[in-house]
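Asks: One line per chain: the protein sequences are A, B and C, in this order. 1 is the number of the first residue of the first sequence in this note's numbering; add one for each residue after it. 1 is the number of the first residue of the second sequence in this note's numbering; add one for each residue after it. 1 is the number of the first residue of the third sequence in this note's numbering; add one for each residue after it.
Calculated from the structure, these hints are not laboratory results. All C-beta atoms in this analysis are idealised placements derived from N, C-alpha and C, irrespective of residue type, glycine included. Hints are supplied without guarantee of correctness; some may be wrong.
[Stated by the list, open to error] Here are the simulated distance ranges between beta carbons: (1) GLU3(C) with GLY290(B): 51 to 61 Å; (2) ALA14(C) with LEU41(A): 15 to 25 Å; (3) TYR50(A) with GLY290(B): 13 to 23 Å; (4) TRP57(B) with ILE48(A): 51 to 61 Å; (5) SER195(A) with ALA112(B): 36 to 46 Å; (6) GLN132(A) with THR30(C): 43 to 53 Å; (7) ASN374(B) with GLY177(A): 34 to 44 Å; (8) THR30(C) with ASP37(A): 21 to 31 Å; (9) ASN17(C) with ASN354(B): 34 to 44 Å; (10) GLU116(B) with GLY75(A): 38 to 48 Å; (11) ASN82(C) with MET38(B): 21 to 31 Å; (12) GLY23(A) with ALA264(B): 49 to 59 Å; (13) ILE196(A) with ARG111(B): 41 to 51 Å.
[Stated by the list, open to error] Each computed EDC-like pair below joins lysine to aspartate or glutamate, with the alpha-carbon atoms no more than 16 Å apart: (14) LYS24(A) with GLU148(A); (15) LYS53(C) with ASP106(A); (16) LYS40(A) with GLU73(A); (17) LYS40(A) with GLU19(C); (18) LYS45(A) with ASP20(C); (19) LYS11(C) with ASP52(C); (20) LYS78(A) with ASP37(A); (21) LYS52(A) with ASP61(C); (22) LYS203(B) with ASP61(C); (23) LYS164(B) with GLU68(A); (24) LYS53(C) with ASP101(A); (25) LYS40(A) with ASP20(C); (26) LYS226(B) with ASP262(B); (27) LYS226(B) with ASP4(B); (28) LYS203(B) with GLU280(B); (29) LYS52(A) with ASP52(C); (30) LYS52(A) with ASP35(C); (31) LYS2(B) with ASP159(A); (32) LYS52(A) with ASP40(C).
Spelled out, the chains give:
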Amino acid sequence: MELHNYRITAFCTIRGRSIRVNGKEFLGADPSTPLGDFLKLAYRKLAIDYPKFHKMDGLCKAIFIATELIARESGRYKHHTALIFANRSSSYISDARHAHDIFRADNPVASPATFVYTLPNIAMGEISIRHQLQSENVFFIFDRYLPEFLVPYANATLDNQQADASALCGWTEITEGQCDLLLYHIGTSGSQTHSIEYLKRLYNEEDE
Amino acid sequence: MKHDVYIIGDEAISPLGIGSELNFQRLRNNDRAIVPIMDTHLCDHTIYAARIDEGYWSHLINDAPHYTRLERLFILALQRLINRHDIPVDGETLVILSTTKGNVSLLGDPRAAFPEQRARIPAMAAAIGRYFGFENQPIPISNACISGSLAISVARRLLRYGGKYKRAVVVGGDELSKFIVSGFDAFQALADGPCRPFDRDRKGLNLGEAVAGVYLSTVPVAGAVKISGVGSSNDANHISGPSRTGEGLYLSIREAMDEAGDVALDFISAHGTATVYNDEMEAIAFQRCGLSAVPAHSLKGYFGHTLGASGLLETVMAIHSLKNSELVPSAGFAHQGTSQPVNIITQPTQRPLNAFLKTASGFGGCNIATIFQNV
Amino acid sequence: MSELTQELKAKIIAQLNLEDLTVADLDDNTPLFGDGLGLDSIDALELIVMLDKSYGIKLSDPKEGRKVFETIQTMADFIEANRT
């Protein structure tokens with residue numbers, strides 16, 4: 001087996017109503033704050049002008065914010081930055097909304113703007129547009145955070161890149177009731193090694 | 001050290017039948033699965049779609065009532081693949097499931113026979129895993145309409161770079177549901193008749209359902225097909241509209257061709273959904289890659305768009321084209337209908353075939369291109 | 001008529017999640033697509049659903065939509081002429 005020397009250049013967590021970047025809090029809010037309001041607060045605090053943000057569903061908004069914050073730490077993403085995401089509930093927020101729209105008793109009607117978000121990989125499309133990433137995307141669905149699978153797969157993906165290894169990876173479980181996101185950028189510099197052990201520790205440490 | 005990865009077995013279940021050989025035979029007979037369906041549980045008006053008949057296949061698996069319809073289809077495909085090739089279910093076998101929406105038909109539907117929890121993809125994967133007692137938990141991929149082709153690529157990459165897996169089983173599936181039909185209908189993407197990929201008069205897609213799979217190994221056997229190049233790139237342009245320049249697909253094909261090296265492509269199995277913009281985008285990407293003259297088809301006119309199964313189903317059929325030295329025509333095509341010409345196959349043609357390109361594109365701006373060739 | 005345009009502005013802002021805009025920011029004759037409001041193809045589909053749901057008008061030809069959805073004013077004119 002080859003020895004990999006990829007590094008974590010920056011990471012972001014969203015847990016409950018707290019957003020942290022490289023371990024430092026960016027935004028905290030009362031746990032009773034509705035998800036939508038909380039993510040809007042985060043958007044305002046980013047102080048960017050990106051009206052499309054408001055059209056996204058909760059999963060996309062959370063991933064958008066984390067991706068924005070990581071870029072501020074690790075630098076502008078290279079165009080070939082691979083996107084490797086996983087979660088448990090896929091696009092459940094929008095799935096439930098679309099199902100409600102079409103099965104409700106009075107005037108059931110599908111909304112195209114809801115339906116388009118019933119795919120988890122739309123979030124990768126949104127950040128690809130924002131950061132101009134013309135790269136490979138894959139969205140895995142696991143029952144739990146699974147660095148045992150993600151790390152070897154990310155390593156194989158980075159090995160496959162010709163040069164300038166770069167990937168944005170992580171766990172993005174976002175529902176109204178639960179926010180459990182850990183996104184990290186992998187490159188060739190940074191103090192922490194990209195390894196199963198480190199990513200387990202990171203996930204647990206941030207889970208206070 | 002990089003290993004070459006081969007497809008050494010395949011399986012397909014569609015409205016045209018059970019088994020990849022049978023499905024290929026049905027294509028040769030020009031049988032098409034798309035029919036008008038009036039079923040208020042799917043849609044309040046008639047749609048043209050391809051649906052798997054109920055009943056005749058459920059008894060082929062054990063404890064059928066414990067599994068949802070889609071799980072039963074997945075299980076049947078896996079069971080046939082495992083039995084035929086004697087595939088071990090041990091820790092060296094990677095199992096990947098590709099699905100766009102899984103058991104989503106259970107969500108919000110008062111008629112659903114399973115709890116809503118089963119609509120979650122991990123619940124489906126766990127049920128399928130339990131049936132076979134796989135040592136490794138099945139890994140689901142949900143990446144819109146490129147899921148099937150992407151699942152092959154993911155499995156290949158994990159086998160290619162060594163590690164714990166020696167072989168992989170990759171199965172993809174999706175089924176018709178009100179959830180999906182209503183969404184595509186709201187997108188005004190459904191054709192009001194059988195779809196016509198790449199044709200001048202194309203008016204949209206037909207939805208279909210299927211389960212299809214492949215068995216991958218680093219050890220070639222007689223009749224193995226090598227996966228010789230893969231490329232995948234996002235358009236970074238729009239979350240639902242295909243790129244006007246075909247940029248992501250162009251980059252994907254170029255990457256796959258670079259990796260495959262000096263391989264002459266004998267045909268292209270295109271995505272070809274038969275929406276105005278998708279087919280136009282593909283024609284532009286093929287032209288930019290210098291592939292306008294390569295014979296091409298879309299199989300959506302036979303099977304409809306089978307979402308997370310489509311990349312796998314269409315790859316499996318293309319492998320049978322290689323094995324049978326036969327080009328399958330593109331059902332529904334009569335007149336060139338894209339700004340750049342595509343050499344659409346209109347007649348069944350016998351000729352030696354060595355290599356083909358499979359492409360897929362999907363919502364979220366994702367694209368993938370894979371090159372397969374005889375060993 | 002101006003009541004309808006006001007109503008449309010509010011509906012469009014709410015339905016299309018145009019967070020940063022208010023009714024007062026929208027002019028009756030600002031182009032909705034392209035360089036004006038910058039709406040896209042999904043917004044257009046959403047407007048078609050809105051016409052159906054709120055005004056009982058079915059629009060199935062996307063080409064027709066392009067003209068109808070040019071500005072708030074053209075939408076209001078179309079609704080006045082077609083509503084049931």
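Asks: If a hint holds in the structure, say so; if it doesn't, say that too.
Replies: Evaluation of the provided hints:
For GLU3(C) paired with GLY290(B), a C-beta distance near 59 Å keeps the hint of 51 to 61 Å intact. Between ALA14(C) and LEU41(A) the Cβ separation comes to about 20 Å, which falls inside the hinted range of 15 to 25 Å. The beta-carbon spacing between TYR50(A) and GLY290(B), approximately 37 Å, falls outside the hinted interval of 13 to 23 Å. Look at TRP57(B) against ILE48(A): about 53 Å separates their beta carbons, and that is inside 51 to 61 Å.
At roughly 43 Å, the beta carbons of SER195(A) and ALA112(B) sit within the given window of 36 to 46 Å. For the hinted restraint 43 to 53 Å between GLN132(A) and THR30(C), the CB-CB distance of approximately 28 Å leaves it violated. Range check, ASN374(B) to GLY177(A): about 52 Å between beta-carbon atoms, so the 34 to 44 Å window is missed. Distance hint check for THR30(C) and ASP37(A): the Cβ-Cβ separation is about 29 Å, which falls inside the suggested range of 21 to 31 Å.
For ASN17(C) and ASN354(B), the hinted distance range of 34 to 44 Å is not satisfied, since their beta carbons lie about 51 Å from each other. Evaluation of the 38 to 48 Å hint for GLU116(B) and GLY75(A) yields a pass: the beta carbon distance comes to about 43 Å. Between ASN82(C) and MET38(B) the Cβ separation comes to about 28 Å, which falls inside the hinted range of 21 to 31 Å. Our hint of 49 to 59 Å for GLY23(A) and ALA264(B) holds, since their Cβ atoms are close to 54 Å apart.
Between ILE196(A) and ARG111(B) the C-beta distance comes to about 44 Å, which sits within the given range of 41 to 51 Å. Using a Cα cut-off of 16 Å, the hinted pair LYS24(A) and GLU148(A) is violated, with the two alpha carbons roughly 26 Å apart. This hinted pair checks out: LYS53(C) and ASP106(A) have alpha carbons roughly 11 Å apart, not beyond 16 Å. For the hint linking LYS40(A) to GLU73(A), the alpha-carbon distance of about 21 Å lies beyond 16 Å, and the restraint is violated.
Straight-line distance between C-alpha atoms of LYS40(A) and GLU19(C) comes to about 10 Å, which keeps the hinted pair within the 16 Å bound. In summary, the hint linking LYS45(A) to ASP20(C) is supported, as the alpha carbons are separated by about 15 Å, within the 16 Å threshold. Between the alpha carbons of LYS11(C) and ASP52(C) the distance comes to roughly 13 Å, so the proposed pair stays at or under 16 Å and holds. Annotation: proposed proximity of LYS78(A) to ASP37(A) is violated, straight-line Cα distance about 31 Å (limit 16 Å).
A hinted pair counts as satisfied when its Cα atoms are at most 16 Å apart, and LYS52(A) with ASP61(C) does not qualify at roughly 26 Å. Between LYS203(B) and ASP61(C), the direct Cα distance comes to roughly 11 Å. Compliance with the 16 Å bound is thereby established for this hinted pair. For the hint linking LYS164(B) to GLU68(A), the alpha-carbon distance of about 35 Å lies beyond 16 Å, and the restraint is violated. For the hint pairing LYS53(C) with ASP101(A), the CA-to-CA distance comes to about 12 Å; that is within 16 Å, so the pair holds.
The suggested pairing of LYS40(A) with ASP20(C) holds, with an alpha-carbon distance near 12 Å, which does not exceed 16 Å. Our distance criterion of 16 Å between C-alpha atoms is met by LYS226(B) and ASP262(B), whose separation comes to about 14 Å. Between LYS226(B) and ASP4(B) the CA atoms are separated by roughly 7 Å; this keeps the pair inside 16 Å, and the hint holds. Distance check on the hinted pair: LYS203(B) and GLU280(B) sit about 12 Å apart at the alpha-carbon level, within 16 Å; holds.
The hinted pair formed by LYS52(A) and ASP52(C) fails the criterion: a straight-line CA distance of about 24 Å is larger than 16 Å. Between LYS52(A) and ASP35(C), the direct Cα distance comes to roughly 15 Å. Compliance with the 16 Å bound is thereby established for this hinted pair. At most 16 Å may separate the alpha-carbon atoms for a hinted pair to count; LYS2(B) and ASP159(A) meet this at roughly 10 Å. At most 16 Å may separate the alpha-carbon atoms for a hinted pair to count; LYS52(A) and ASP40(C) meet this at roughly 10 Å.
Of the numbered hints listed earlier, those contradicted by the structure are 3, 6, 7, 9, 14, 16, 20, 21, 23, 29.
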